[in-house]
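Trainee: Make the full structure from the sequences, and use the hints.
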Amino acid sequence: MIRDRSDESRGTTKASSPDADAQTRLEAGARNASALSAFLVDRTVSVHEAVEEDRFFTTTGGETALTNRYDLERTVPNAKKSHFREIDRYWVNEPYAFVVLFHSDRENERKYYVVEPHLTPIEADLISFLTEKLRTAIKYTDDETIVAGDEATRADVIERETLELLSRYDLYTPSKETENRGSLSRLKGLKELFDRGATDTDADSEVDTDTDTDVSTDTDVETATGVGADGPGRRLEGIAARPEPAVLAEDGDTLSAYQVEKLLYRLKRDFVGYERIDPIKHDINIEDISCDGYNSPVFVYHSEHEQVITNVSYGETELDDFVVKLAQRSGKGISKRSPQVDVTLPDGSRAQLTLGREVSDHGTNYTIRQFKDVPYTPIDLINWNTFSLDEMAYLWLCIENEKNLIFAGGTASGKTTSLNAVSLFIPSKSKIVSIEDTREVELPQRNWIASVTRPSFSADDAGDIDEFALLEAALRQRPEYIVMGEIRGEEGRTLFQVMSTGHTTLTTFHADSVGEVIKRFTTDPINVSKTMFSALDLVSVQTQTRVKGRKVRRNKSLTEINHYDAENDEINVQDVYQWQAEADEYLLMGDSNTLEEIKFDRGWSAEDVERELFERKVVLAYLVDRGLNTYTQVAATLQAYINDPETILTLIANDRLEKSLETLREMESVLIDIDPDKEDMVPRPDPTEETEAAAMWILEEARSDLLGKYRGRDVSGLASALTTDGDGDGDDATGFADAGLPDTDSTDTDLTDTALTDTADSADDETGAVADGGVDADDGSITGDESDFDGPTDAERSTTPDDRPGRSDDG
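The opening position of the sequence shown corresponds to residue 2 in the numbering used here, with each subsequent residue numbered one higher.
I should point out that these hints are in silico values taken from the structure, not numbers from a laboratory. Here the structure is a predicted model, which is why all the values come from computation and not from measurement. The beta-carbon is built from N, C-alpha and C at its ideal position, and this holds for glycine as well. A couple of the hints might just be wrong.
Computed spacing ranges between beta-carbons, pair by pair [stated by the list, open to error]: (1) S304 to R136: 35 to 41 Å; (2) V453 to S530: 25 to 31 Å; (3) Q24 to D687: 57 to 63 Å; (4) E667 to E693: 29 to 35 Å; (5) R107 to A21: 40 to 46 Å; (6) D55 to R32: 30 to 36 Å; (7) S83 to G591: 56 to 62 Å; (8) E491 to E659: 44 to 50 Å; (9) E95 to T121: 20 to 26 Å; (10) D674 to K552: 30 to 36 Å; (11) V453 to E95: 31 to 37 Å; (12) S670 to R75: 52 to 58 Å; (13) S304 to A80: 25 to 31 Å.
Mentor: Laid out in C-alpha cells, this is it:
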C-alpha cells in the first residue's frame, strides 16, 4: 500500500509537469515579448496618429512610392528614435523625397528630417563611379541642351547618358516582364531611352538581351514595390511596402529596376538640382536655408515651425565644392581672393556665399533666401492679419491714384512680400519699370520692363551696371510706375528726384520706424534734402513679432509724409493706422491728408471718396468671405475691377464672380499664367475669426445699399463679353436672360440668400417675395422695402464705367 501511494505520488508529479513547463514557458515568452516590444519602440520611428502610412506611401497612380517607410527608418538614427515624436509629414518631391518634422522630448526642440532613397554601400560606390563617367561624357558631348536647356531637358540628358553607361557595363537589362509591372510602368519610358541610347554605342557595348540572368529582376521588382501578378496598383500594407529584399540583394550581376530608379534620382539631383539640399529647395514652406560652417548642420526657417535644425550637413571639401558650384551656376566667381559674393540662383532665389576661413572662423557658409514662384496676394496679407481690410483698401486707392510708397522694416519682416502683393493694385494700362539687384518682384501686368543689375566682368569695375545706372535708364523708358526692389545707397537720392518729377515709386528700405527712415535718407550716404523728402507720400513700417507665442508679421504703422516745416527744420508726419499689440488690431488714427489730395486731384466730393474706399473694401471682403485666394483669382478680380468696376460689382451682387474668373483673366494687358501644380503647393492662409467677421460685416453693410443697385442689373460692354457662358442658351455667366431680368431658378445662389441675407429676407423668399433689390418674377417690379433704389433706368443701364460720377478718363 505504501509503495502504491508512492507510485501515485510520483504519477501525479509527472502528470503535472507539462502544465508547469507550459506555464513557465508562457511567462518567459511574455517577458521576451515585453522586452521585444520595448526594443521595437526604441528602434522604430514614431508615427503621428493622423498619418495613414499605406496611403502616404501610395502615389496618385496607385503605385508604391520609391521612398517609403524603410528609408525613413534608415534615415533616423536608432539612438534618437526613442525620444523623437512626429508632428508633421509631407512630400516635397513625390515619390522621391519627403520631410518629417519631429519634436525631441529629450532636447525639447524640433527637427527637420529629409528622407530620400537609402543607398547601400555598393550603390553609393556606383554613384561615385557614374558621376565621374558622366562628367567626362558631358564634357565632350555635342548636345547644347546640357548648357542651354531648361532643368527638365538637362535631366533627360543625364538620364539618357546614365542608361547608356549602365548598358555599356552590362549593369542593367530591362525585361519585358519588368515593363509590364504596374508599379514600375514608368520604367517603360526609361527602357525606350535606354534602347535609343544603345543604338548609338559601338558593337562592344551591345546590350545583353538574354533574360536568363543570374538575378531575378522580377523577384526584386515585386519585392521592392509589392506589386506582382495581381495587377497594377495593388494595395500594399506593412512589410509588403518595404524594399529590404531588393536592397539586400547586393550580390547580383545586374541592377534591379528599383535600384536603377534610385540611381537616376540621385544623379539628376546632384547634376541638375541642388544636391543634398534639393528636397529642401522643393519645400514651399521654407523661407531661408543656411549652413554656418564645416560639419555644421543646415538650418531652415519654416513658415510654421520657424528656425529648425535639419539632418543635412557637409564635410569640409563637400561644402567648399558646393559653394563654388552655386557661384558658378549663378554666373559669378568665388575664390580666396574674393571669398564673398551675392548671387541669384537659377530658380530666382538669393544667396550669400562665403568661401574658406579668410573671413569666417567656422569656414565656408551660405544663406539662401527662397524665391516664391507664385507670389502672395493682398488677400493673403489680410488673412494673416499683416494688414486689415481697411488698410488694404486704403493702400489700393492710394497706389491706383499714383501715390509714392516705401515699405520699411527689418530683415525678414515681409517688406518684399508686401511690395509684390500691392503691385497688383497698379492699373494694367500703366507702364511699369522694376529695378532690382536680384529678381524678386513678379507682376501680372504685361507692360512691364524688369531690369536687373549686372556686376563688372573686370577687376576695375568697368561695365558694372548698378541700380543707379538702371534708374537713369528707366527715366528714358517713360514709366508711370517704378518698382525698386530695395534702396541701399546713393540711388535713393536719384529716386526722390524721380518722385518729384511725377513718377510713382514703390520700394523697400531697411529701417524699423518712420523716424529712422527719415534719418537714414536725409543723412550720408543717401543725403536726400528734407525739402525733397516730402515727395514721398506713405511709409508702411513692418515688423516680425510674436502674438500668443506665434511669430507673425504685422504692419506697425501706416504713416503719411505731409510737408517740410522750414521754421522748425523738420518733416511733418501723421499716422493713419496703427497696430495695437495688446488686442492685435489696427486703429484708424485720424483723417487722411493723402485722401484729401486724391479728392482734390480727381474732383471728387467727400461722398465720392467714401464710396470709392467702400467699393474696394467690398471687393476684398468678398474674396476673403468666398475663399477666392489663389493668385489667379485675386489678380484677375483686382485688375478687372480697375478696368471696369461696374462688371465686378454686378458679378459680386449676384454671386457670379467665381464663375467668371476664368474669362476675366484673359484680359490682353494682363498675363496671369500660373502653373496650377505650383499654385496648389502655396500654403495660402485662412482668415482669422476676426477677419472673417469683419468681411461679413462689410458685405452685410453693402447688401441693401451698394450691392442693392447692382442686383438684378444686366451687364453690358466689357462685362457682357467677359461673362458669356458659351453654352448657347442665351444666358450669360451672371445668370441673367436676354431680357435683362434675373434667372429666378438661380436666386438661391444670390448674395441675398448666402452671406448677405438676414432672417427676414429668407422668410420673404419662402412666401414668394423677392429679397431687397430683387425683381419680381411676374412683372419685373422692384419689391425691396429697405432700399430707396427703384431699379436701374435705361440711361443707367447704358452708363459706361467712365461715366460714373467722379471717374475721369485718365483713371
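Trainee: If a hint holds in the structure, say so; if it doesn't, say that too.
Mentor: Verification of the hints:
At roughly 37 Å, the beta-carbon separation of S304 and R136 lies within the given 35 to 41 Å, and the hint holds. Between V453 and S530 the Cβ separation comes to about 29 Å, which falls inside the hinted range of 25 to 31 Å. For Q24 and D687, the Cβ-Cβ distance of about 60 Å falls inside the hinted range of 57 to 63 Å, so the restraint holds. Checking the proposed 29 to 35 Å range against E667 and E693 shows it holds: the Cβ atoms sit about 31 Å from each other.
Distance hint for R107 and A21: a CB-CB separation of about 44 Å, consistent with the stated range 40 to 46 Å. Separated by about 32 Å at the C-beta atoms, D55 and R32 satisfy the suggested range of 30 to 36 Å. For S83 and G591, the hinted distance range of 56 to 62 Å is satisfied, since their beta carbons lie about 60 Å from each other. In this structure the hint that E491 and E659 lie 44 to 50 Å apart at CB holds, the actual value being about 48 Å.
Roughly 23 Å separates the CB atoms of E95 and T121, a value that falls within the hinted 20 to 26 Å. Taking the beta carbon of each, D674 and K552 are about 33 Å apart, inside 30 to 36 Å as hinted. The hinted window of 31 to 37 Å between V453 and E95 holds, with their beta carbons roughly 33 Å apart. For S670 and R75, the hinted distance range of 52 to 58 Å is satisfied, since their beta carbons lie about 54 Å from each other.
Look at S304 against A80: about 30 Å separates their beta carbons, and that is inside 25 to 31 Å.
Going down the numbered hints, you'll see the structure goes against none, and every one checks out.
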